[in-house]
Amino acid sequence: MDAREGTETNFDHDLSNQKALIVDDNMMMTTMTQDMLTKLGYGEVVVARSGSEGLARIQEAKDDGGVFDVVFLDWHMPDMSGFEVLRQCREDTDLHKMAIVMVTAENQKRSVSEAMKTGATAYTVKPASREDLESAIDTVMRWRKGLSD
Amino acid sequence: MSAKTLKAHEDEITNIVSQTLRDTFKTYFDIDIGKFQNKDNEDNIADGVVCKTVFKNGTASGAVFVSFEKPFLQIVSGMIYPPEAANTQESFHSCAAEIANIVSNRVKTYLNDQGYSLKMGIPSIEESADEDDEDINISFSVREKKLFVDIIFKEHPTRTAV
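Here the protein sequences line up with chains X and G, keeping their order.
Note that the first sequence covers residues 1 to 149 in my numbering.
Note that the second sequence covers residues 150 to 311 in my numbering.
One should not assume that every hint holds.
[What the hints assert, rightly or not] Calculated lysine-lysine pairs in the DSSO-like style (CA-CA distance at most 30 Å, straight line):
(1) X:109 to G:294
(2) X:109 to G:205
(3) G:175 to X:39
(4) X:62 to X:145
[As the list claims (entries may be wrong)] Some chain G residues close to chain X (C-beta under 10 Å, calculated; not the full set):
(5) 243
(6) 248
(7) 252
It should be emphasised that the hints constitute simulated quantities derived from the structure, not laboratory data.
Every residue, glycine too, gets a C-beta built ideally from N, C-alpha and C.
Chain X with its partners taken away, still in its complex shape (with noise of 0.2 Å):
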């Protein structure tokens, strides 16, 4: 899936030096992200295929004092759920700048509901399209400028 083509979009954001981690269980997710990110224009993408993981990469970034500036993250992971690795981020105040768009399949207004209350900063249901992510990114830079405001 290329990013860049297709339908024009005003999608101009200038993400080269942004940081992204993509926390899937799934292989063709991770892949067909990983892809579509890179040609958006973030300046690093890094994959971690569970929840434990993703919480270890963004531990380590954190340790090494480059937190990631957007998580994409799905919800139904074997080991430990998207909400749980949500809900762990927002309790560490370390990472209050990082965004977290949750990237999943489920659907049910109460969990949409629950992850936004919980601290995600947006959240796109499956199959997210281009535009749905470029979206998603969109508010995550209105989000990142009300915090530096």
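Position chain G against the provided structure of chain X, taking the given hints into account.
The following block gives chain G in isolation, referenced to the frame of chain X:
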């Protein structure tokens, strides 16, 4: 909702599955899938991948089986992975599991909107789909390759205190 009354929701569930597959194939692979048909009892997939997703609460359980012909998975896998990685079991399974995950979530959401509080498991690869006459069985085709969706659902009698 018993297995028999699941049949009463067949039209709604078939439409949900059909629309979800249409959206998924268009979004991820830019493929238009064929119209759904009721699956023939004789229809089966000899060489393919079956993906099962279980959902349950304390008094009911069910599963969504999504079955793919292998040539079907070769087509979609080839669109995602580089040639050296596209024709492997791991690639086929990942494509099957993601499509099954999206379809199963939509079915779970529909059933929960009918009053259940079903929790869903992670899609797993199985030998074959479980079927009986009270299930919903749907067939789709993509570029003349087959894809089946079979849904089972049962309520369990609750124990009464003596």
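>> Hint by hint, where does the structure go against what was stated? Just the numbers, ascending.
In response: 1
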